[in-house]
Every structure is written in C-alpha cells, then in structure tokens.
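Numbering-wise, the working numbering comes out as the position in the sequence shown, counting from 1, plus 209.
Everything labelled a hint here was simulated from the structure, so no lab data went into it.
Take these hints with a grain of salt, some might be off.
[Said to hold, decoys possible] For each label pair, taking beta carbons as the anchor points, the in silico distance ranges come out as: (1) Arg248 x Thr222: 29 to 35 Å; (2) Glu347 x Ile379: 21 to 27 Å; (3) Asp244 x Asp278: 32 to 38 Å; (4) Gly398 x Arg307: 34 to 40 Å; (5) Glu304 x Pro240: 41 to 47 Å; (6) Asp341 x Ser228: 16 to 22 Å; (7) Arg308 x Ser228: 28 to 34 Å; (8) Val277 x Arg252: 31 to 37 Å; (9) Arg281 x Pro351: 18 to 24 Å; (10) Thr222 x Asp341: 25 to 31 Å.
Even for Gly, the Cβ is constructed at its ideal location relative to N, Cα and C.
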Amino acid sequence: MQKAEQQGDDVSTLLRAWSDGDQKALERLTPIVYDELHRLARRYMKHERPGHSLQTTALVNEAYMRLVDYKRMQWQNRAHFFAVSSQLMRRILVEHARRHNIKRGDGVPHVPLEEASMVGGGPARDLVVLDDAMNALERLDPRKVQVVEMRFFGGLSVEETAEVLRVSPITVMRDWNTAKAWLYREITGGAS
C-alpha cells in the first residue's frame, strides 16, 4: 500500500511540474502512467463487442496524444489525470462507434433489457445508447455524469472521485446510485 501511495504522490508531483511547463516531467511521467492508461483502456475494451476494430493500444495512444495536447490543463493530482483520461477514452470510443454505425448505415440499435444492466457492470454492447443517456443526464446534473465516468469507466475509488470533485465520499455514493438508476431507466425506456 505504501508503494502505491508513493507512486501516486510521484505522479501528482510530475503532473504539477508538467502543468508548469517542465517537459522533463512529461518524459518521466509517461512510463509511470502508461500502464495505468492501459488498465483503463482494457476496462473499456472488455465492455466492447468481440472483434472491435479499435485495439486497446490504439485507444491508449489516441488518449495519450490528446492528453499531451492539453497545454493549458492545470493537473491537480493523479486522480484528476485519470478522471480526464477516462473521459477522453469514453469520447474516443463513442466517436469510433458513431463512425462505425454511420458507415454501416446501422443507426442506433435497440438495447434489450438484459443488456441495459451494463450500468451495473455487465457487458456493454451499445456505447452510443449509453453516451446518449449520459448526455441527457449531463444536461440535468453534470456532476453525476462525472461520477459515472470516474467510477464506471475510469475505475476510480469513491475516495479518489470525491477528491477530484471536491465533495464528500457520501455525496459520491449518493450521486453514483442515483445516476445508475437514472441511466438504467433512460436506457430501458422507463421499464421497471
């Protein structure tokens, strides 16, 4: 546990140095965060259909390239970095899914009730439908969407999510539970 805390502190220190313009900090940061970005990408990709044309490494590389382009980002700490990373990976996968659907002329398929449980951790087969539901929730309560991105997509703990959002862990749990119920209802069309 001590080593993980030390590594988290190192990442936070390097992120702040990078935010302040230290390119050497970025060079030192890259190998440290690459494994964690891969873990996030694997978490995303395990919810995708078999034979998905976007590979885990390509997702990591695309996310990393976009992160490096965030010149004005003031990174708070490790949790903030991975929260933004998980949001980016979600966007990349949704963009890919939308392009794939348009190319094939598929439109957005119906999500069966059995598959709608993905918000609770089951297989996610329709990222576009989930993204549409999350965009609708974001118009009502943006923080709840951030909680879902960090907890479900990013794998952040309740405490890490609370730290990034600057709220209490109990608020994160309340937002998490409410968002899951709201998204489930939205995805299933109000079915109970």
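Hints and how they fare:
As the Cβ distance of Arg248 to Thr222 is approximately 21 Å, the hint placing it in 29 to 35 Å is violated. Between Glu347 and Ile379 the beta carbons are some 22 Å apart, a value that agrees with the proposed interval 21 to 27 Å. In this structure the supplied range 32 to 38 Å is violated for Asp244 paired with Asp278, their Cβ-Cβ distance being about 21 Å. Range check, Gly398 to Arg307: Cβ separation about 21 Å, and the 34 to 40 Å hint is violated.
At about 27 Å, the beta-carbon gap between Glu304 and Pro240 misses the expected band of 41 to 47 Å. In this structure the supplied range 16 to 22 Å is violated for Asp341 paired with Ser228, their Cβ-Cβ distance being about 33 Å. A beta carbon spacing of about 32 Å between Arg308 and Ser228 agrees with the range 28 to 34 Å that was offered as a hint. Range check, Val277 to Arg252: Cβ separation about 21 Å, and the 31 to 37 Å hint is violated.
The hinted range of 18 to 24 Å is satisfied by Arg281 and Pro351, whose Cβ atoms lie roughly 20 Å apart. Separation of Thr222 from Asp341 is about 39 Å and departs from the stated range, judged on CB atoms against 25 to 31 Å.
The structure shown violates the earlier hints numbered 1, 3, 4, 5, 6, 8 and 10.
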